[in-house]
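If you want the building blocks of each chain, they are given just below.
There are 4 protein chains.
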Amino acid sequence: MFELPEKARAIQAEVEQFFTEHVLPANSQWQKEASDGFARPPVEMALRDRAKALGLWNMALPRLTEDEPGMRLSNLEFTGVAEVLGRLEWASRVFNCHAPDVPNMELLQLFATEKQREQWLKPLLEGEMGSAFAMTEPDVASSDPANLETCIERDGEYFILNGRKWFASNAGHEHCELIIAVGVTDPEAPKSQRQSLLLVPRHAPGVDIIRNLPVFDHTSVTNMHTELTFTDVRIPVDQLLGERGAGFSIGQARLGPARLHHCMRAIGECEVLISLMVERSQARSTFGKRIDEYGATQAAISLSRIELDQCRLLVQRAAHLLDTVGNKVARKQISMIKVAVARVYQDIADRAVQIYGAKGVTSDTPAARAFNRARAFRIYDGPDEVHLQTIARLEAADQDLSHVAYYLSGE
Amino acid sequence: MFELPEKARAIQAEVEQFFTEHVLPANSQWQKEASDGFARPPVEMALRDRAKALGLWNMALPRLTEDEPGMRLSNLEFTGVAEVLGRLEWASRVFNCHAPDVPNMELLQLFATEKQREQWLKPLLEGEMGSAFAMTEPDVASSDPANLETCIERDGEYFILNGRKWFASNAGHEHCELIIAVGVTDPEAPKSQRQSLLLVPRHAPGVDIIRNLPVFDHTSVTNMHTELTFTDVRIPVDQLLGERGAGFSIGQARLGPARLHHCMRAIGECEVLISLMVERSQARSTFGKRIDEYGATQAAISLSRIELDQCRLLVQRAAHLLDTVGNKVARKQISMIKVAVARVYQDIADRAVQIYGAKGVTSDTPAARAFNRARAFRIYDGPDEVHLQTIARLEAADQDLSHVAYYLSGE
Amino acid sequence: MFELPEKARAIQAEVEQFFTEHVLPANSQWQKEASDGFARPPVEMALRDRAKALGLWNMALPRLTEDEPGMRLSNLEFTGVAEVLGRLEWASRVFNCHAPDVPNMELLQLFATEKQREQWLKPLLEGEMGSAFAMTEPDVASSDPANLETCIERDGEYFILNGRKWFASNAGHEHCELIIAVGVTDPEAPKSQRQSLLLVPRHAPGVDIIRNLPVFDHTSVTNMHTELTFTDVRIPVDQLLGERGAGFSIGQARLGPARLHHCMRAIGECEVLISLMVERSQARSTFGKRIDEYGATQAAISLSRIELDQCRLLVQRAAHLLDTVGNKVARKQISMIKVAVARVYQDIADRAVQIYGAKGVTSDTPAARAFNRARAFRIYDGPDEVHLQTIARLEAADQDLSHVAYYLSGE
Amino acid sequence: MFELPEKARAIQAEVEQFFTEHVLPANSQWQKEASDGFARPPVEMALRDRAKALGLWNMALPRLTEDEPGMRLSNLEFTGVAEVLGRLEWASRVFNCHAPDVPNMELLQLFATEKQREQWLKPLLEGEMGSAFAMTEPDVASSDPANLETCIERDGEYFILNGRKWFASNAGHEHCELIIAVGVTDPEAPKSQRQSLLLVPRHAPGVDIIRNLPVFDHTSVTNMHTELTFTDVRIPVDQLLGERGAGFSIGQARLGPARLHHCMRAIGECEVLISLMVERSQARSTFGKRIDEYGATQAAISLSRIELDQCRLLVQRAAHLLDTVGNKVARKQISMIKVAVARVYQDIADRAVQIYGAKGVTSDTPAARAFNRARAFRIYDGPDEVHLQTIARLEAADQDLSHVAYYLSGE
Ligand SMILES: Cc1cc2nc3c(=O)[nH]c(=O)nc-3n(C[C@H](O)[C@H](O)[C@H](O)COP(=O)(O)OP(=O)(O)OC[C@H]3O[C@@H](n4cnc5c(N)ncnc54)[C@H](O)[C@@H]3O)c2cc1C
Ligand SMILES: Cc1cc2nc3c(=O)[nH]c(=O)nc-3n(C[C@H](O)[C@H](O)[C@H](O)COP(=O)(O)OP(=O)(O)OC[C@H]3O[C@@H](n4cnc5c(N)ncnc54)[C@H](O)[C@@H]3O)c2cc1C
Ligand SMILES: Cc1cc2nc3c(=O)[nH]c(=O)nc-3n(C[C@H](O)[C@H](O)[C@H](O)COP(=O)(O)OP(=O)(O)OC[C@H]3O[C@@H](n4cnc5c(N)ncnc54)[C@H](O)[C@@H]3O)c2cc1C
Ligand SMILES: Cc1cc2nc3c(=O)[nH]c(=O)nc-3n(C[C@H](O)[C@H](O)[C@H](O)COP(=O)(O)OP(=O)(O)OC[C@H]3O[C@@H](n4cnc5c(N)ncnc54)[C@H](O)[C@@H]3O)c2cc1C
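Residue numbers (my numbering), protein chains in the order written: chain Y, 1 to 411; chain U, 1 to 411; chain C, 1 to 411; chain E, 1 to 411.
Note that these hints are calculated values from the structure, not bench results.
Treat the hints with caution; some may be incorrect.
The list cannot tell twin chains apart, which means a pair is met if one copy fits it or any two copies do.
To be verified - With a straight-line cut-off of 20 Å between C-alpha atoms, the simulated DMTMM-like cross-links for lysine to aspartate or glutamate are:
#1 289 - 149
#2 115 - 174
#3 328 - 36
#4 115 - 66
#5 32 - 217
#6 289 - 139
#7 32 - 14
#8 289 - 144
#9 52 - 293
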């Protein structure tokens with residue numbers, strides 16, 4: 001009962017085989033092409049075609065319909081696959097299972113009009129374009145969406161969009177065609193009903209890419225974090241996604257699966273790091289002992305195993321709840337996995353760096369970048385502190401305190 | 001799939017109802033009787049009869065046979081029950097599911113001769129006597145059993161037992177009749193084959209109780225930690241438990257389920273502590289804010305929820321593995337839960353103490369004693385460090401390192 | 001410059017010699033007498049006379065005047081002495097340097113009228129009576145003094161005192177004659193001016209000792225934590241200590257040195273624990289290695305050394321600031337040492353317990369009780385969280401932010 | 001007594017003024033020039049001239065002689081200066097107080113022949129060239145110097161040098177002229193007498209720069225971490241530094257002050273990070289509260305203040321000991337500050353990143369790079385684990401255990 005269901009294991013095995021035979025051996029080639037400036041490295045493109053042909057495609061979309069390309073998996077079923085994909089930063093793209101396209105597709109599945117689906121969802125499902133989600137703004141504390149200042153004003157049959165965003169992942173990617181922008185349409189409405197989502201063509205006049213933000217000095221062309229401005233961008237009114245004023249609640253909906261996928265991928269990467277710690281610590285010696293004989297190394301590896309297994313179980317349970325009781329009820333679970341996994345991810349990467357010594361800070365191993373990605377993860381998808389606040393509130397609501405007095409005594 | 005099987009939930013519900021209706025409301029009565037010096041408080045005795053009559057008895061023994069009293073549950077099924085029982089330190093005794101009698105009964109089920117079963121197992125199953133397990137010695141570092149010095153020498157049809165033991169839980173309890181003692185029968189054999197187990201009547205001549213050890217200043221008559229000496233204790237040779245020289249491996253076997261049960265009970269107790277944190281933090285205010293509005297309190301509660309849920313899942317998985325692949329294969333899992341749960345238990349108790357302020361250090365709430373019990377748990381059933389060493393070794397053995405090179409680069 | 005001044009070292013050496021020659025060897029005798037029920041063990045009384053005769057007396061009172069008995073030391077000078085005294089829980093009493101009498105004497109030195117000094121300060125200085133300070137109340141969150149509910153009402157030439165207090169250390173001690181009680185005299189005044197201090201004879205009618213509170217199951221007759229009630233206790237108006245309504249600020253004043261002394265004593269105790277860790281880890285072996293060869297043990301000892309030295313330096317600096325700039329300016333420092341030392345104390349004690357294994361949870365070593373005392377220290381003298389809040393506020397006030405912009409860049 | 005001596009404070013103030021008036025305002029200019037590819041940014045060069053002219057030069061060399069340029073400060077005196085310089089990564093260079101030139105100059109002061117001093121020390125003191133120290137090798141675990149494989153073979157009047165090194169900081173810098181290389185001259189000697197130091201001209205034939213290593217994806221031309229190979233490099237025998245076979249002990253000597261300086265600079269940088277946390281948390285709000293009102297933020301700032309002050313005191317004490325009792329006796333202290341400061345540095349940077357949110361992972365603030373620099377610091381100058389081992393050993397040697405038995409009891 002703590003194994004994934006049989007179907008999920010079968011697909012996981014299939015993906016694992018594809019990954020091991022085709023993706024992993026291509027890694028050094030991919031790294032080379034990426035550092036040569038290919039935003040979509042040819043080796044990745046070739047593997048994409050292959051994966052798509054095999055139907056190993058769009059596996060992260062539980063709402064996939066019969067006539068859409070790919071394989072429909074439940075959230076739980078996807079966890080096993082996601083873990084495999086997480087082993088390499090670029091593997092998810094091979095299977096069209098990467099952020100932010102997946103959560104954007106899910107938004108479109110849930111809220112897009114027929115016309116919008118045709119225009120945006122279809123090419124995304126086919127992998128013919130990329131997309132971005134632009135909510136965070138440099139000028140306000142964006143972990144509270146009520147602070148957002150980007151404004152969307154109606155002007156006849158158009159909305160006029162003005163504002164500055166940053167960390168809109170992949171908005172500046174050469175493949176990106178769609179930016180889903182969050183802006184204020186109704187400044188006088190109650191806080192949670194002020195915002196709306198607008199489908200903004202990446203190349204619309206007034207959309208200006210300012211810079212590709214470094215994340216701990218890492219900037220890549222394959223995975224960008226973009227600062228951009230909207231200056232009087234005119235968008236036809238039928239490009240509003242979902243209800244006017246519903247931006248906040250739609251945004252929330254988007255976050256459930258997005259967080260889940262980030263967590264599962266991180267777990268896959270952590271498995272790689274544990275293997276590397278074991279391997280490296282067996283390969284070198286100091287002061288007459290193999291590194292793996294030192295208590296510190298043993299604790300590093302053992303605690304990583306314990307914590308990672310705990311995270312996987314928690315995430316799988318959350319996935320199962322998303323499947324069965326839905327996003328809203330599983331909200332506490334989603335916050336819980338977000339906090340738990342980000343911490344463990346950072347700790348495991350920290351240990352891997354240490355066991356490698358100086359090599360651990362270079363890019364010769366995945367440890368250094370994992371360490372920084374993990375650090376960023378404690379901020380994106382909501383800073384730790386905000387989730388802890390949320391969990392406490394929901395926990396209090398869940399508690400039945402009617403019997404606690406029996407546990408207490410005193411004068 | 002992250003719920004216990006239906007049967008297990010049904011029984012858990014039944015036990016929970018009994019607990020809530022009968023056991024919990026009797027808690028203050030029990031505390032009073034215990035502090036009045038009753039080693040077996042009358043209120044507990046009465047509830048025992050009632051539970052036994054209902055068949056809520058011996059639920060922690062997966063090897064229970066048809067003709068033995070009680071309800072056979074698998075390890076996994078028992079987890080849910082154990083969690084309920086863990087809420088009060090004395091609840092397990094009501095259902096004859098308490099340590100060290102349960103692991104001792106399991107040993108007897110596995111290794112006792114027909115005669116030994118009749119003499120010792122039967123009354124234990126009926127709850128007519130108590131037992132103890134005496135391995136640890138004050139004079140040697142006993143986390144390495146190879147250090148043990150108690151000796152068992154053959155003298156015709158008898159073994160002569162000499163040595164000093166301590167922390168033989170409940171050996172000094174007025175109800176105890178049997179002490180399973182670990183001693184060296186074969187000093188020249190290879191390290192792991194030197195020891196044997198002997199079934200020693202508590203009141204045999206030469207068995208002397210030295211003292212009831214305080215555990216962080218807590219001494220009770222209901223749950224004792226006994227220091228004792230064996231001086232020329234004569235035991236008939238047919239009272240050897242299992243093979244001569246097999247003491248080490250038998251002892252190991254004993255520890256799997258014992259650790260599991262300790263972990264599950266601790267989780268139950270932690271649930272109580274979380275409830276108490278929620279309750280208390282809603283009840284008081286400082287500097288114009290309710291305690292539960294402070295970030296520190298929220299973090300305390302949220303992290304406790306996250307960590308506890310992670311522990312429960314890990315423990316349930318370990319239980320499932322004990323049921324399916326057995327003690328030996330699940331060894332890494334057992335070490336993992338031991339380390340994980342003891343830490344979380346200590347952390348949650350630490351937070352509960354803090355949220356209570358000065359009240360938290362008194363005995364008016366269960367927090368103080370939980371804090372100390374948790375602290376002891378990081379030592380008994382094997383110190384953290386020893387388990388971390390074991391896990392690292394088993395983890396390395398589990399790893400397939402054939403693909404790691406693909407993740408590395410460098411000149 | 002990181003050594004104490006020469007005079008301080010000379011006195012520290014003198015105290016150390018007395019301690020090593022007379023106090024420490026008497027420890028087992030003292031423990032025996034204390035557990036036999038002597039609130040003032042004869043061996044302690046004899047040593048007190050001896051120390052007093054040598055002038056090693058009242059060393060914790062920087063305001064000691066020429067005609068008062070004892071040796072005036074500055075706060076800084078006392079740090080070295082306090083550390084020696086901290087090695088044994090009862091050593092401070094030998095030199096009349098123990099809490100709560102010291103901070104109470106200091107209060108009296110600062111605020112008492114001539115008559116009050118004669119009546120209370122003099123016998124305290126001579127060590128002829130004990131005292132207590134009763135602020136905390138069980139029914140309100142007392143880390144915010146504004147919550148206190150005990151009331152002091154004027155009735156002609158008397159105040160009538162009503163309320164319930166707890167954790168008034170040593171109020172129930174057989175030697176105690178004076179309870180300094182905090183109560184509300186002016187409920188309508190601004191929050192910080194509502195309270196006053198009243199000098200209450202321990203045996204005044206209406207003063208009722210309810211219980212001697214266990215602190216993690218430790219209750220002793222030598223050092224008590226008392227719950228008590230005041231029921232219509234009549235106290236002449238000239239027994240108000242300091243100004244009416246000044247209770248809050250006087251109470252604050254009391255806390256500076258009190259916290260300092262607790263910190264220094266804790267450091268002394270931690271030194272003992274480090275020695276014990278070293279000693280024990282050299283004395284036993286597991287799995288073919290001496291315990292001190294394990295990385296975990298080495299880290300335990302090394303981190304303890306690092307953290308403890310850091311604490312000592314911080315505390316000595318705070319003492320120096322108390323001497324030079326005073327209580328108010330040094331407020332941030334006092335909060336800082338409180339937080340720092342309590343944590344390190346708990347961590348070091350935790351490590352010592354672990355290295356001892358099962359012995360560590362008994363009372364055969366000082367580790368178990370130190371662990372619990374440390375845990376309590378995170379609550380008394382103000383819970384961690386409250387100090388962290390205070391420090392942050394004072395830190396912000398201390399900051400000159402005029403140049404920070406130079407460190408920032410961005411679009 | 002916890003202030004630096006007056007002379008030290010006066011010079012610190014002078015440096016601080018220069019820093020605030022000239023260096024800090026030039027920061028954005030410097031950053032621009034550095035990212036435009038200037039290994040020695042013109043703005044830095046101009047400030048260097050100015051500082052040198054004022055005599056604010058070579059302040060980190062306690063052995064500076066009368067006729068050498070600059071200002072001789074003791075280690076303790078330099079701590080205050082170093083902290084100011086640490087605020088900006090490039091500020092130390094302005095005053096010729098940067099690594100690795102400072103420890104290399106110290107080595108030359110201690111061990112160079114007259115001729116070597118003329119050739120290498122003089123231009124370094126004048127700031128006319130740079131230098132590097134090449135010990136670490138990619139192919140062996142270099143935290144144990146006994147593992148080193150680079151070999152130095154005698155061939156008549158020459159040594160022939162062969163080997164691969166990495167992380168030889170600034171060996172590849174355009175200004176570097178001298179590489180001090182560690183290699184094995186006497187493979188058959190006892191472990192600690194096998195190695196010697198060789199003064200290798202950077203541009204000698206056979207010295208090949210392989211790559212500029214990224215440190216967490218940060219590569220700069222101003223501060224490089226170089227991988228290089230030595231292939232049959234021929235060096236005259238009079239270029240051996242110190243005794244043949246003394247490489248190990250000389251290398252140890254070098255590390256004392258080097259570690260001290262790294263620690264002091266890190267403390268300076270942490271002060272900047274604290275200021276930034278305070279500033280940022282006052283500037284933004286979420287959910288109706290300013291960020292600095294949240295308990296998590298307050299704890300972040302307060303703990304940073306506590307830990308940083310503790311580190312500063314410990315480091316200053318270590319500096320004082322280096323000055324008074326010397327490198328060898330102060331060895332434990334040096335290991336202690338290394339471990340303590342690296343951890344606190346990482347923690348403070350971690351908190352600063354978090355408080356900035358997404359901005360914290362960019363290069364718009366110093367937090368992200370500080371976080372990574374701190375992480376690397378837990379490895380260079382010796383990994384944490386190795387220092388913890390050393391400290392434990394020295395601590396045990398320092399302990400007088402003759403009285404510990406008095407603290408113990410038991411049967
Ligand atoms: C790698 C990466 C990728 C990202 N991708 C995207 C993307 O594709 N699209 C997008 O729109 N955004 C993206 N983001 C932005 C991310 O969603 C935001 O950074 C996040 O929501 C926090 O907002 P903020 O950065 O404005 O931080 P702020 O809101 O300014 O918060 C800063 C800090 O304040 C503190 N704080 C805030 N609230 C509280 C509280 N209640 N209690 C205690 N402390 C608090 C926390 O320490 C927090 O970290 C990405 C970020 C990163 C790093
Ligand atoms: C509440 C309680 C109940 C108990 N009940 C029983 C019982 O019923 N029957 C029974 O026989 N025993 C019982 N014990 C004893 C328990 O099993 C032992 O305490 C435990 O096995 C450790 O042995 P030790 O105390 O001799 O510690 P030691 O073996 O002396 O170890 C002490 C410490 O040394 C260090 N250490 C040891 N080995 C290593 C290593 N490989 N790496 C790093 N560090 C190491 C650890 O810090 C360890 O904590 C109980 C103990 C307690 C506290
Ligand atoms: C061993 C011992 C000796 C003592 N001796 C004395 C004595 O001699 N005289 C005397 O008067 N008192 C004494 N005390 C009592 C002590 O001073 C109080 O316990 C302390 O002031 C806290 O008050 P409280 O217990 O009412 O906790 P509460 O005020 O109820 O606080 C409980 C918890 O709430 C949380 N909390 C409160 N405020 C905040 C905040 N601002 N931010 C975040 N969290 C918060 C903290 O977790 C805190 O621990 C002693 C206590 C102990 C344990
Ligand atoms: C930014 C930076 C600058 C540097 N500058 C220089 C320079 O200028 N010149 C130079 O020569 N070198 C330099 N170094 C290299 C540095 O000195 C080495 O990285 C360091 O000595 C460790 O050696 P290693 O990398 O070979 O690690 P290894 O020796 O392989 O150790 C790797 C890991 O093994 C574990 N380990 C090793 N021994 C033990 C033990 N006894 N107990 C427990 N665990 C252990 C630790 O986790 C350790 O981190 C620099 C490094 C960095 C990151």
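A quick look at each hint next to the structure:
1. 289 - 149: between (59 Å within a copy, 18 Å between copies)
2. 115 - 174: neither (24 Å within a copy, 60 Å between copies)
3. 328 - 36: neither (44 Å within a copy, 50 Å between copies)
4. 115 - 66: within (19 Å within a copy, 67 Å between copies)
5. 32 - 217: Cα proximity of residue 32 and residue 217: in one copy and across copies (18 Å, 15 Å).
6. 289 - 139: Classified as between: cross-chain Cα gap 17 Å, same-chain 53 Å, threshold 20 Å.
7. 32 - 14: Answer is neither: 27 Å inside a copy and 50 Å across each miss the 20 Å cutoff.
8. 289 - 144: Answer is between: at 11 Å across copies they meet the 20 Å cutoff, but 51 Å inside does not.
9. 52 - 293: neither (45 Å within a copy, 50 Å between copies)
The structure is inconsistent with the numbered hints 2, 3, 7 and 9, although it conforms to all the rest.
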